[in-house]
Each structure stands twice: as structure tokens, then as C-alpha cells.
Amino acid sequence: MIKQISLFLENKKGRLAHVCRILGNEKINIRALSIADTTNFGVLRLIVDNPEKAHDVLKEHNFAVSTTEVLAMEVSDTPGGLAGALERLDTAGINLEYMYAFLGKTSQGALVVIRVENPLEAIPVIRESGIKILEGDQVYSL
Amino acid sequence: MYWNEHYECMPREQLEEVQLKRLKKVVERVFYNVPFYRSKFQEAGLEPSDIKTVADLQKLPFTTKQDLRDNYPFGMFATPMTDIVRVHASSGTTGKPTVVGYTRTDLNTWAEIIARALTCAGTTKDSVIQIAYGYGLFTGGLGVHYGAERVGASVIPISGGNTQRQLMIMKDFGTTVLACTPSYAVYLAETLEKMGEDRANFKLKYGIFGAEPWSEKMRQELEKRLEISAVDIYGLSEVIGPGVACECQEKQGLHIFDDHFIPEIIDPVTGETLPEGEKGELVFTTLTKEGFPVIRYRTRDLSILTKEPCACGRTHIRMHKVFGRTDDMLVIRGVNVFPSQIETAILEVGETEPHYLLIVDRVGSLDELEIQVEVSPKMFSDKVRGLEDLERKIQHHIQSLLGIAAKVKLVEPHSLPRSEGKAKRIIDRRRI
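Protein chains in written order, with our numbering: chain A, 1 to 142; chain B, 1 to 432.
What the hints contain is simulated information worked out from the structure, not anything from laboratory work. Glycine included, every Cβ here is placed at the ideal spot set by N, Cα and C. Warning: the hint list may mix true and false statements.
To be verified - Under the rule of at most 35 Å between Cα atoms (straight-line distance), these lysine-lysine pairs were calculated in the DSBU-like manner:
id, chain 1, residue 1, chain 2, residue 2
1, B, Lys409, A, Lys12
2, A, Lys3, B, Lys25
3, A, Lys13, B, Lys194
What the hints assert, rightly or not - Not the full set, but computed from the structure, chain B residues with beta-carbon under 7 Å of chain A:
id, residue
4, Leu330
5, Pro377
6, Phe380
7, Val384
8, Lys409
9, Pro413
10, Leu416
Okay, chain A solo, but in the shape it has when bound (with noise of 0.2 Å):
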């Protein structure tokens, strides 16, 4: 499983650059990112590499963070790989929260994160079902 960090931004000017700012300034790299939206405000879903200092450092500037264990899942970086690892959970029973994809990729092909209801409960289901599931230490070093 992998650390992810949600915040609360406010649909203001500036707001995503700032917590950029802050990432950057402390040195930490963003893997991964998808932003949830309404007309109000949104919430920022973020893999970096150092969840632990990410958490701190935007709580320290008075941001509302949580930190959300979610899987990254290897696909086949090939036309309809995405389709069948899809499938593949839907038959496996699994519900997606929600899904985004990866920067980076591995050598086998590429990642993405997604959220589910009971994530340790759903990984040798999701692995059973011929799906790899990488550890935060390989995703986080990407």
C-alpha cells in the first residue's frame, strides 16, 4: 500500500501553485496528483516521495490534510492494458473510489493508484486476479 495526501484547497487563484510552492521549497517530488473538484473548492490527491514530511509540513502551513493508504496498480503500457486490469478487478468484485494514473512508470509498464473501500482486504484479491501491486518504497523512488 501506498501513503496519499488529500488536502482541502479553496477554487482561489494561486491556491495549486502554492502548495506546489511548499512541496518544492522542502524538496519533495510529486509522483502522482488528481484534483477532485465542485464549484467551491476541491481536493488535492498527491503521491510524493516523503508522505510523512509532505503531511507535516502543509499542516504547518495550516492546510487541512489527511494522508489515505491507496494501491498502485501495474498495467500493461499497451492499447486496452488499462481495459483488462479494469475488467479484471470488476470481476474480482472490487469497487473503485476513484483512480488516477502515475508519472512515472516501471520497466513492465504503467501505474496507476487507485482507492478502494477496504484496501488490505483487496490486495490478494487484486494480486489473485494476475494484477501487480507495488509497495510504497518502489513507488515512492520512481
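Following the hints, complete the assembly by docking chain B onto the known chain A.
The following block gives chain B in isolation, referenced to the frame of chain A:
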């Protein structure tokens, strides 16, 4: 624990005799010493000798904030300046400040009633009291200060502001009683939690908070977060300053020290005196003040009075925690709205810290209310839906409580302005 059992627990009939004696004296005093009162009384065809009972007070005209402004700075003083030993002034939100003056006797009276209030709040001569009200022209700091010295507590006259230092001193000096505004107490609690300090290193036991209206919910929140017992202290510079009334540990309304001040409740629109138990505007007449007595001063604070005896044994008349002020009462699409009601609604829905801002605007011919609420780290979840639900819940709650539709907007923590004095809760952009 009483400070002055003789007066605080005096049977009502006996207390009313004291009131009448003092009322006659103060009416004479203003009639012969303050031209403003003399001409007002004469216009109404009244002489001091017309006051034969306490109820005759109702014949006298009201005094308003505007009257005090018209007589700026010293026109309402009832003694020559040579007898005035202190002046204070209230912040003038519009125009010039309101100036009040005290004789040596007045300062003595003030220290006496503050001593009563502090005793109500749990202060003894063994307490270490940190006074984080502003010192200066504002009555909060110095008012509480002299009362605390009268009690014999160890006084830390730290004044407002510099939050980190407040907390350092609170810990190092072993503060047991904190006196400040409730909104500043929230800020202190918040900073304390952020610093991750161990509560075991603090000796704080009691809070005495006032100078702005606060809700029962906010008390619960503060008592929980600071692990204290918190009471409400009420006062206004025009009457004397803090200490006009204070809650005891029963927390069932504030005891008005009515051997010094007679309260009335009136209908804010008609000016009619309302019977005990009805909600309306608080009006005060000072009974013992020499420098700056006021007759039927309209406070614009809304409350309810009761003469029911309190379990603590005090016989003083009690006022309900102030519901709000008639002048920060918002009329939104014809509905009267008080910030304190909104605060209660927000607190009831989420574990939201009570940091909010009301923005009223007029779009076309319709009033719109937007409530900005800070997302506390506690309530933040990774899920957008959870946050949207929270917005909706607050919205529904306000709708059912006040009958108005408000737009609720969650904002980032610490993005709303913080005050170290009175909290600014309203921005009214309507141009009517």
C-alpha cells in the same frame, strides 16, 4: 463562595429598599448636575420627587448611544473633572468614541463587582489569573485587573495578543484562571492544540469570558478543549465596564449585581417595558455611580430577566446569556438573524471549529446570505462527497432553524480573519 454575601444573598424586598434609596439619589444627582438629563426630565414634566417607587423608573426617558455621542466628550459627567480619576472610551465603530469617567468611589465600586464576578467564576486569593483582555481605553483589561487584585489573586496583566507568549506564560506561571473574549479563548485553544503541548503541564481550571455574545455550544466546546469550567461575564463601558453581571458555577444565567444596576427589558421597537420572562432589549440604570451615571441606558443587547432564586444562593436578578445585539441583528429577507444562532447551527452539525463569516449581499432585490465556514483538520475527509454533505447539512440546519436559505461555503483553515479582541462575524454588502 461569595465575595459579598450581605448584598449577594439579600432578600429581594430588602434589596428593593436599597434600590429605591439609591435610585432617588442618582436621579437627583443627574437632574442637578447634568444639563442633558435635566432638560430631558423637564420636557417629560418630571422632577426627582416624582420617583416614589422603583417602578416609577419607567416614567423616565431612555438614554441612547447617540445621546452620549452628542455630549462628547465629557458632557454626561455628573462631577467636576477634578473628581474624575480615570477615563475609558469604547471603540467608536462609527464616529467618535463614547467617553466614560470614574471617581475614586466609582473605581472602588467597579473593583467590588468584579471581585464578585471573579468569585462567581471560581477565582480565590490563591488563583493565578491571566488577564488577556486589552489594557488601555477599553474597559476590559483594567476593569478585571483591579477586581482581581481586590480578590487577592496573583494577577498577570498580559493584555491581549501575542498568542505564543500567552501560552508560554500560562504554562510557566501556572495560570489557573483565564480572562479574555470567547473568540480569543478559541484561538488560544487552537494554538495550544497545534503546538502539541501536553495539557498536564498546565494548571488552568477556570475561564471567565465576555465582551461579545457567545453561545452555549461554544461554552461546551471551550470547556472540553481547554478542560476548564467557563462562565460568561457581561458588561459595557457605558454602564461601568465588565462586571455588570456574571454567571456563577450553576451557569443558569448571569447574576446582575442589582444593588448597583437596575435592569429592565423593553420592546426594542415600542420602548415598552416587558414583563419578567420576556425577551427584549436590556436597559440599565446605574444606582451608585458618581462620575458617569446613566438613566435607562439602552444597551441594544437582547436578553431575558428572571427573579427566580438561583441554586447558588444569590438573590440577584438573573439575565439570560445575551442572544445577540439589536444592531448586529441581520434582517435577511425579513427574518431576524443573529450570528450566535448561526454559530449554534454550525456547531450542531459538524465538529467544525466555530470560525465563520456571514456575508450578506443584495442580488437584484433579494438578500443573499453566504456563510463561510472553515474546514477543520478534524472534519476533513479525502472524499469530496463527505464535504459536500457537510455543506448541505449546515444549509438544511439553518433553513430549519431560521427559515432562511443560506449558501454555505467551506473555506480553508485559518483563511478567515482572526481577531485578538472581538470577532468580526459579519460583512454586510447591501446598499439599501
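Can you name, in rising order, the numbers of the hints this structure does not satisfy? 2, 4 and 10
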